[in-house]
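K.L.:
Mind docking chain E on chain W? Use the hints.
As you go down the protein sequences, you meet chains W and E in turn. All residue numbers for the first sequence refer to our numbering, where the first residue is -17 and numbers rise by one. All residue numbers for the second sequence refer to our numbering, where the first residue is -17 and numbers rise by one.
In case anyone wonders, no lab produced these hints; they're calculated from the structure. Honestly, I wouldn't trust all of these hints.
[Unchecked claim] Covered by chain E, according to a simulated footprint, are these stretches of chain W (three or more residues, beta-carbon under 8 Å): (1) 87 to 93; (2) 158 to 169.
[Stated by the list, open to error] Computed cross-link-like contacts, SDA-like style, restricted to lysine to any residue with a CA-CA straight-line distance of at most 25 Å: (3) Lys161/W <-> Val60/E; (4) Lys133/W <-> Asp195/E; (5) Lys151/E <-> Glu129/W.
From a predicted model like this one, the values you see are computed outputs, not experimental measurements. The beta carbon of each residue, even a glycine, is placed where N, CA and C say it ideally should be.
Protein chains: 2
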Amino acid sequence: MLNTSSFKRGEPMDRIVYDLCGRDERLRFSPYCWRVHLSMAHKGLAYRTEPWRFQQKEKIAFADHDKVPVLVDGDTVVTDSFEIMRYLDQTYPDAPLLGEGQSYQRALFFKLFVERSVSPALFRIVVMDLLEAIHPDDRDYFRETREANFKMRLEELHNPTQGREQLDKVLTPVNALLKESAFLDGEAPAGADYLLFGSFMWAHVVSREALFDEHQPISRWFEKMLAIHDGMAGQAPTVREV
Amino acid sequence: MLNTSSFKRGEPMDRIVYDLCGRDERLRFSPYCWRVHLSMAHKGLAYRTEPWRFQQKEKIAFADHDKVPVLVDGDTVVTDSFEIMRYLDQTYPDAPLLGEGQSYQRALFFKLFVERSVSPALFRIVVMDLLEAIHPDDRDYFRETREANFKMRLEELHNPTQGREQLDKVLTPVNALLKESAFLDGEAPAGADYLLFGSFMWAHVVSREALFDEHQPISRWFEKMLAIHDGMAGQAPTVREV
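Just chain W, with the same shape it has in the complex (with noise of 0.2 Å):
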């Protein structure tokens, strides 16, 4: 496990990290965000979040961007988790997040993956969770863009019971892994860890549903990860508290 805490670069108000939040606004959940979160903890760098919702177009059109999260580092800004990754791999080049050439190429289709495949089955489970746990104000807006994106009313999308039988499925090549890695990137996290656990943070801190059967390899592992780094994301508010 990394110890980040030791070798915090900068002030924590030169960096922000831009950051969804929900009725709530200790409720932080979107997965792109947790990517970012993690990152920023693997480089050892300090910031601070600003909390975000959905219509909140202008606080963050400086970034000419619509969506966070967005990092403002300095005088740079960064928006999309992937690029952010990239750039903080490219401006703090020790313990490299995505790494460069084969090893690049194979976290973004590992990024592919989560999104494509892990995403999609886990919003089966959680969707109507999610709904509860953004902002009023918020809930028109998530739920127009998500029916037009899946053709289909949330209702008809909410299947907790076929979204898991679809997430063991999909997990299968990751629970292999984890039966023989501590981590997804070997024997400490890096960038393929925090793209994949984005997705179950969403999930987790919205939503009570059990994801997985707790004997299954991913369930240590996300134990693990809610662990690393100080317990960063362990001790994040969830609607188990708030």
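P.N.:
The following block gives chain E in isolation, referenced to the frame of chain W:
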């Protein structure tokens, strides 16, 4: 594209790959052996193949292993396709196949994705054609071992329509990556490409079944993979000719 013919090292007779053959000795369809053929070409290594059938356990007993591929490289014997790829990287470090560290670890994930998610879908499409391509003496052995693995009769597993649906879903992140990149590993093919290609070559050699929509990025990628390394795979005899 790598031009391997200009830098082949050593004499072909120094190196042997024991290679699964079918009812006709020219039919070579093992997905694991195809990984090795392309990996050898990637490293510019000349070699010869030794045809082998499932039941010829004594022929490879010297390797203390009962399956192919087996690589004999001078005095060294290596078994298991992924171990062979690793051995090639260690022994001939130019043009990495799997790489090291995160790169290796992500290739290991990709191997498991191919074996646990992609190949089972392909199996449902081509299983009866595969049985037909196997040497008659090997068919009972093949049926018994596979039916024990799947706990199902081969005739029940066989369902090309469902197999193609399953394959299409599983390949979603692969198609997304190949929209952005010429090869899985970037501008040139490497380990991840060979790992996936082996499984498609297996299906391609034994079966006339369509595997994917010709408009999908993976279809163009497969054509390119048949052409690389002087058309090594594209020139291999299939059930269309033999």
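K.L.:
All hints, please: hold or fail.
P.N.:
To see whether the hints hold, each was checked on the structure:
Requiring three or more residues with a Cβ within less than 8 Å of a Cβ of chain E, the coverage given for the stretch 87 to 93 of chain W holds, as 6 such residues are present. By the rule of at least three residues with a Cβ nearer than 8 Å to a Cβ of chain E, the coverage given for the stretch 158 to 169 of chain W holds, with 7 such residues. For the hint linking Lys161/W to Val60/E, the alpha-carbon distance of about 24 Å falls within 25 Å, and the restraint holds. Simply put, Lys133/W and Asp195/E have alpha-carbon atoms about 23 Å apart, close enough for the 25 Å limit, and the pair holds.
Between the alpha carbons of Lys151/E and Glu129/W the distance comes to roughly 20 Å, so the proposed pair stays at or under 25 Å and holds.
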